[in-house]
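K.L.:
Sequence:
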Amino acid sequence: MASKNEPRHIVSLSGGKDSTALAIYLRDRIPNIEYVFSDTDKELEETYEYLDKLEAFLGKEITRLKADRGFDHYLKVYGGYLPSSRMRWCTKVLKIKPFEKYIGDDEVFMYVGLRADEDRGGYKPTKKNITPVYPFIEDGLVYEDIQRILEESGVGFPEYYNWRTRSGCYFCFYQRKHEWLGLKENHPELFEESKKYEKFDSETGERYTWSERESLAELEQPARRAEIQAKHDAVLNAAKSGSPKKNLLHILGQIDEDDDQMMPCSFCHI
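Sequential numbering of the sequence shown, starting at 1, is according to our numbering.
Please note that a few of the clues may not be correct.
Derived DSBU-like pairs: lysine-lysine, alpha-carbon spacing no greater than 35 angstroms straight-line [said to hold, decoys possible]:
id, residue 1, residue 2
1, K196, K53
2, K66, K128
3, K128, K60
4, K184, K42
5, K195, K184
6, K127, K101
7, K195, K240
8, K53, K184
9, K42, K76
10, K128, K101
11, K128, K195
The calculated label-pair distances, taken between Cβ atoms and stated as ranges, are [unchecked claim]:
id, residue 1, residue 2, range
12, G140, T204, 47 to 55 angstroms
13, E55, D117, 40 to 48 angstroms
14, E203, T131, 46 to 54 angstroms
15, A226, E100, 43 to 51 angstroms
16, Y81, E61, 31 to 39 angstroms
17, E203, R29, 35 to 43 angstroms
18, G104, S241, 49 to 57 angstroms
If you're looking for bench data, these hints aren't it; they were derived computationally from the structure.
The structure displayed is predicted, hence computed values, not measured ones.
Yeah, the Cβ is synthetic: ideal placement off N, Cα and C, and Gly gets one too.
Could you put together the complete structure from these sequences and hints?
P.N.:
The structure is reproduced here in structure tokens:
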């Protein structure tokens, strides 16, 4: 950690490919760089395994941060309303607040893994002592560069990228329909846990579901599963024909299969 008179340099890891590649990219470029991960306690086991693998490569501890209370506590605080793209309280209380508490009033350069080939907003700090820095954008690094960094380091991609395109909680509302089915197939117990959070008010007709248009119980029905798979295959095949040189993960990361799909926040999904 830097002295009180020096700014701190921090990479906030999400467990995803881009922040991981950034940690590797900056390891030998910035002395005294810190690595932190805000743990929601609702992560996939593959995420923890990936962080352990990265930590071994870096030869430096990744500081694991946690909120003072967990997701279930804050769900009650927010009146049982599940987080959504319109009300991302989960990111605020489980990711950002623990990070900003960790750095306190120190001057911090926070390094963010947005790539030069992406079109999405970066992390907007609420504290004036945090300055976001975007090395990949500044140096013109794109997806193929991130792939090379991960492969050459031996760290590679997280195992969950076999069926999922983003990091984040296992019940993240930004998941595509097909990724929910991937959760059901790869972690059926976590899919069932996710279903337990969904509620229906029989008096008002109000629904508290992870997806705006349907519940997980509806999504997992055989006919609906077949429909989702067919749509996924059609979109994927069309994307492949238009981008024959791109691999599966790159293609999936660039397409939207669902009408309610929105760009996720950078703090959780880089």
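K.L.:
Work down the list of hints and note, for each, if the structure agrees.
P.N.:
Each hint tested on the structure:
| no. | hint | result |
| --- | --- | --- |
| 1 | K196 x K53 | 32 angstroms, holds |
| 2 | K66 x K128 | 22 angstroms, holds |
| 3 | K128 x K60 | 28 angstroms, holds |
| 4 | K184 x K42 | 16 angstroms, holds |
| 5 | K195 x K184 | 11 angstroms, holds |
| 6 | K127 x K101 | 10 angstroms, holds |
| 7 | K195 x K240 | 33 angstroms, holds |
| 8 | K53 x K184 | 25 angstroms, holds |
| 9 | K42 x K76 | 16 angstroms, holds |
| 10 | K128 x K101 | 13 angstroms, holds |
| 11 | K128 x K195 | 39 angstroms, violated |
| 12 | G140 x T204: 47 to 55 angstroms | 52 angstroms, holds |
| 13 | E55 x D117: 40 to 48 angstroms | 28 angstroms, violated |
| 14 | E203 x T131: 46 to 54 angstroms | 50 angstroms, holds |
| 15 | A226 x E100: 43 to 51 angstroms | 45 angstroms, holds |
| 16 | Y81 x E61: 31 to 39 angstroms | 36 angstroms, holds |
| 17 | E203 x R29: 35 to 43 angstroms | 59 angstroms, violated |
| 18 | G104 x S241: 49 to 57 angstroms | 52 angstroms, holds |
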